[in-house]
Amino acid sequence: NAGVTQTPKFQVLKTGQSMTLQCAQDMNHNSMYWYRQDPGMGLRLIYYSASEGTTDKGEVPNGYNVSRLNKREFSLRLESAAPSQTSVYFCASSEARREPYNEQFFGPGTRLTVL
Amino acid sequence: DAKTTQPPSMDCAEGRAANLPCNHSTISGNEYVYWYRQIHSQGPQYIIHGLKNNETNEMASLIITEDRKSSTLILPHATLRDTAVYYCIVRGGKLIFGQGTELSVKP
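Residue numbers (the working numbering), protein chains in the order written: chain U, 1 to 115; chain Z, 1 to 107.
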């Protein structure tokens, strides 16, 4: 099993360009998440999808859109990139939707720079 | 979700136990304590979680005080590969990552 995979690993954009970050998991998990991590900071939740067909906003959703394409795939789109969106983006998935057990499995991250 | 407080950094000698504290004085009765770690440039990795009782798995032990206002993650025999940022998260809903503790294991 590959676990959680993300593409691309690195990306440089110019201000105003758009792009989609791809995430896929092969663990048959119900829930998927997108986080961003700025230098020296913890992770902040952008959007999550508790199950196929549903998405909800996290702490910092502005400037992003998401699509839960199917149970395996959850994409994050930047419609008009801004320098403030320079960050490392992590995708994660988990089996359970509620406590008590909700271990999240993380992908390797996408390092995005917006000039 | 309750707020957590962790020391920003700690050192530990290789082979010794690493004890990482976390304060969560506003924790409510149904909130679990989770620990994750993040090795440089990688995605976070789940370590352990608990509600009231002490927990142990192949990676670590979690000691939660009786009043549940604080906890300690114990890595019994730290190795150089345990150098990472450790996050203590009190969760009733979504995972909220704070700044964590940067643990440096030294030879």
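Since the hints were made in silico from the structure, they are not lab data.
Treat the hints with care, as some may be off.
[As the list claims (entries may be wrong)] Now the in silico label distances, taken between C-beta atoms and shown as ranges:
#: 1; chain 1: U; residue 1: 19; chain 2: Z; residue 2: 65; range: 42 to 48 Å
#: 2; chain 1: Z; residue 1: 58; chain 2: U; residue 2: 83; range: 39 to 45 Å
#: 3; chain 1: U; residue 1: 19; chain 2: Z; residue 2: 25; range: 39 to 45 Å
#: 4; chain 1: U; residue 1: 19; chain 2: Z; residue 2: 54; range: 28 to 34 Å
#: 5; chain 1: Z; residue 1: 77; chain 2: U; residue 2: 77; range: 42 to 48 Å
#: 6; chain 1: Z; residue 1: 41; chain 2: U; residue 2: 69; range: 37 to 43 Å
#: 7; chain 1: Z; residue 1: 54; chain 2: U; residue 2: 44; range: 37 to 43 Å
Each residue gets a CB set at the ideal place from its N, CA and C atoms; glycine is no exception.
We went through each hint and held it up to the structure:
Between residue 19 of chain U and residue 65 of chain Z the Cβ separation comes to about 47 Å, which falls inside the hinted range of 42 to 48 Å. Residue 58 of chain Z and residue 83 of chain U have their C-beta atoms about 43 Å apart, which keeps the hinted 39 to 45 Å range intact. Checking the proposed 39 to 45 Å range against residue 19 of chain U and residue 25 of chain Z shows it holds: the Cβ atoms sit about 42 Å from each other. Evaluation of the 28 to 34 Å hint for residue 19 of chain U and residue 54 of chain Z yields a failure: the beta carbon distance comes to about 46 Å.
The beta-carbon spacing between residue 77 of chain Z and residue 77 of chain U, approximately 45 Å, falls within the hinted interval of 42 to 48 Å. Hint check: residue 41 of chain Z to residue 69 of chain U, Cβ distance near 27 Å, so the stated range 37 to 43 Å is violated. At roughly 30 Å, the beta-carbon separation of residue 54 of chain Z and residue 44 of chain U lies outside the given 37 to 43 Å, and the hint is violated.
Of the numbered hints given earlier, the model fails hints 4, 6 and 7; all others are met.
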